[in-house]
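*Asks:* Knowing the structure of chain U, use the given hints to seat chain Z on it.
So you can see what is in the structure, the chains are spelled out below.
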Amino acid sequence: MTTPDLQVDSLVKRFADYRAVAELSFSVERGSFFSILGPSGCGKTTLLRMIAGFITPDSGDIRIGGRSMQAVAPNRRPVNMVFQQLALFPMMSVGENVAFGLARRGMAKTERATRAAAMLERVGLGGAAHKRVDELSGGQRQRVAIARSLVLEPTLLLLDEPLGALDLKLREHMKIELKQLQAAFGTTFVYITHDQSEALVLSDHVAVMNHGRFEQRGTPQDLYYEPATAFVAGFVGANNRIAGRVAGSFGDIAEVATAQGWVVRARKSGAVAPGAAVEAFVRPEVAVLERDAELLPQEHPRHAGAVQSLLFDGANSAVLLTEEKSRFEFRVALPQTGRFADLKVGERVYFSFDPGRALCFATRDAARG
Amino acid sequence: MAEALAQRLWQRRLMLALLLAPALLWLFALIVLPHIDLALLSFRERSAPRHYQPSLTQYRTFFGEPLYWHIFVRTAVISAVATALTLLIAFPIAWVITKVAQGRASAFLFIVCLIPFWVSETVRALGWLILLRESGVLPALLVKLGITAVPVELLYHDATILTGLVYTSLLFMVVPLVSSLESLDNSLIEAAYDLGANGFAILRDIVIPHAAPGITAGCIVVFMLTLGNYLTPNLLGGKNSQWFTELIYTQFIVRFNWEQGAAFGFLLLALSTTMVALGLRLSGQRFVDVMRRS
Numbered sequence: 001m002t003t004p005d006l007q008v009d010s011l012v013k014r015f016a017d018y019r020a021v022a023e024l025s026f027s028v029e030r031g032s033f034f035s036i037l038g039p040s041g042c043g044k045t046t047l048l049r050m051i052a053g054f055i056t057p058d059s060g061d062i063r064i065g066g067r068s069m070q071a072v073a074p075n076r077r078p079v080n081m082v083f084q085q086l087a088l089f090p091m092m093s094v095g096e097n098v099a100f101g102l103a104r105r106g107m108a109k110t111e112r113a114t115r116a117a118a119m120l121e122r123v124g125l126g127g128a129a130h131k132r133v134d135e136l137s138g139g140q141r142q143r144v145a146i147a148r149s150l151v152l153e154p155t156l157l158l159l160d161e162p163l164g165a166l167d168l169k170l171r172e173h174m175k176i177e178l179k180q181l182q183a184a185f186g187t188t189f190v191y192i193t194h195d196q197s198e199a200l201v202l203s204d205h206v207a208v209m210n211h212g213r214f215e216q217r218g219t220p221q222d223l224y225y226e227p228a229t230a231f232v233a234g235f236v237g238a239n240n241r242i243a244g245r246v247a248g249s250f251g252d253i254a255e256v257a258t259a260q261g262w263v264v265r266a267r268k269s270g271a272v273a274p275g276a277a278v279e280a281f282v283r284p285e286v287a288v289l290e291r292d293a294e295l296l297p298q299e300h301p302r303h304a305g306a307v308q309s310l311l312f313d314g315a316n317s318a319v320l321l322t323e324e325k326s327r328f329e330f331r332v333a334l335p336q337t338g339r340f341a342d343l344k345v346g347e348r349v350y351f352s353f354d355p356g357r358a359l360c361f362a363t364r365d366a367a368r369g
Numbered sequence: 370m371a372e373a374l375a376q377r378l379w380q381r382r383l384m385l386a387l388l389l390a391p392a393l394l395w396l397f398a399l400i401v402l403p404h405i406d407l408a409l410l411s412f413r414e415r416s417a418p419r420h421y422q423p424s425l426t427q428y429r430t431f432f433g434e435p436l437y438w439h440i441f442v443r444t445a446v447i448s449a450v451a452t453a454l455t456l457l458i459a460f461p462i463a464w465v466i467t468k469v470a471q472g473r474a475s476a477f478l479f480i481v482c483l484i485p486f487w488v489s490e491t492v493r494a495l496g497w498l499i500l501l502r503e504s505g506v507l508p509a510l511l512v513k514l515g516i517t518a519v520p521v522e523l524l525y526h527d528a529t530i531l532t533g534l535v536y537t538s539l540l541f542m543v544v545p546l547v548s549s550l551e552s553l554d555n556s557l558i559e560a561a562y563d564l565g566a567n568g569f570a571i572l573r574d575i576v577i578p579h580a581a582p583g584i585t586a587g588c589i590v591v592f593m594l595t596l597g598n599y600l601t602p603n604l605l606g607g608k609n610s611q612w613f614t615e616l617i618y619t620q621f622i623v624r625f626n627w628e629q630g631a632a633f634g635f636l637l638l639a640l641s642t643t644m645v646a647l648g649l650r651l652s653g654q655r656f657v658d659v660m661r662r663s
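As given, the protein sequences belong to chains U and Z, one line each in that order.
Residue numbers for the first sequence follow the working numbering, so the first one is 1 and each next one is one higher.
Residue numbers for the second sequence follow the working numbering, so the first one is 370 and each next one is one higher.
Here chain U stands alone, though its shape is the one from the complex:
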């Protein structure tokens, strides 16, 4: 087993009375794509800036390639960062931008020009070395920013929401490109984002961060299908969140009753005591929709509702229902066959879901939020 490229041991950072990063420990394997996913203010930027060396931790250690980074300045760390706004140097040409780090290492001018040109070639920008930064498109700038870091062959490449500034179409395209670049170079990427789709598509492993801690670490599939906490279930992917109390229990299935009297069944995750406040999560694609209640699977409880609004989005189309008894708003994904293309607002429909594929968590006390 090789040493992980990044090891973080009980890292702590406080700002005044607010704990940005709380006793965090994790490691990232060589050559993997690791994402830290979290809402803004969860501490992920602080964490990344501590790894880059721009912020000094209050306690704990960061080891990169096995070497402790305490007392190592950012310009001496084997780490490079792709900034959110890219931070390309406007006073230099594209080639000079890429060669900047090499020049700082004292490499001769011709040698670094050759290397920069070769690197630009690898990211698909061959011949752009003489161009000005503002002559490039958003996607091209992105590639220059990555090339500028990768040319230094860092142990670790840090990416601070680099796709945030791009428009949607380009963002989708750059997601694929980033993944391919990472595979081609084999460099360890540590990527932070608040966009769950970016994290799921790109990463080998994702850590979901909240209030300075990791809620869960795992593969994108783990996070999506087996969220460990209510926060992860709510943050990763779309989910119907149903708050209520445990009314009954059948093995690992709990019966959850909402305050309005709607009763649903979901699999217990962790300790769920009878009568305790819980949150159940049902993914829109887990639920099945039918116009005739008899066509729904016999073995699962059936629910009735009225169509409140139709959310057409091609393959991601869904319908927002109002549950009959409780007026609870419930989202159901529409099958891609177009079978419900003629659904009307106000129409009465039936739905059910496999309780084994829905999850319920004990509600955390407010103090831990």
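Just so you know, the hints here were simulated from the structure itself, not pulled from any lab data.
Predicted, not measured: the structure shown is a model, and the values here were computed from it.
A few of these clues could be false.
Claimed, not checked - Chain Z regions said to be covered by chain U (calculated; three or more residues, Cβ under 8 Å): (1) 550–560; (2) 564–570; (3) 575–589.
All C-beta atoms in this analysis are idealised placements derived from N, C-alpha and C, irrespective of residue type, glycine included.
*Replies:* Quick look at chain Z alone, frame taken from chain U:
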């Protein structure tokens, strides 16, 4: 249709002309007219009472008299040194205001730079006199500290003139530097640091190229103000100051030789124009860009 369009176009031109009128009038009445008159004055010579003829005598006198030459070059050199010193002092100040101090502290520092300018230049120069004259505060302090045996005269040296000029010019350098450093994205500095640059390389490759228009604008303004300053060199340098503007003053007011004074005025204008052009050429910038970006 076409007529209406033409009329609208004419109206817009009239509007523009009216808006520009005060500025143009001011330029014409206070700058162009006097300079035309001065130019005419400088190219004539009195042949008999109330009788003048065109001549180059005024300029010939300047080139033929070593004292005038000496003062001319001396003024240029001291102004250039004062500009360089002002830049060296103002740059760290502007850096602290824009990049180190946060929020209110930054505004406070800027106001501290501004406060001396609430007082008139004369009063400020007199303040220096109180501090530096032989019976003044600083010489007395030096004696008390045992650095000098008797009070020394700190006025009337070139260093005194330089100090006064730098002090007077500081704000005019700080303002353009602050505005050009403010637009420097901090992430550029961090990116350079991240890519392995040390402080010196960041300053040389990132900060100075970015701030170049502000540096140039500040230098131009300070150099022109210093070159044309009359009060500070005169009060702090006394008889030794040998400042070119004093020469002009003498010709106009003391000797009533307006022709000679006008010629000196034009030579000073030529000097400042040449120096600014030279500075722009050396730093590879265009005047229009500098004035627009800073």
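*Asks:* Evaluate each hint against the coordinates.
*Replies:* Going down the list of hints, with the structure as the test:
1. 550–560: Check passed, 5 qualifying residues.
2. 564–570: Three-residue rule met by the region 564–570 of chain Z, so holds; n is 5.
3. 575–589: holds (count 3)
When held up to the earlier numbered hints, the structure conflicts with none and fits them all.
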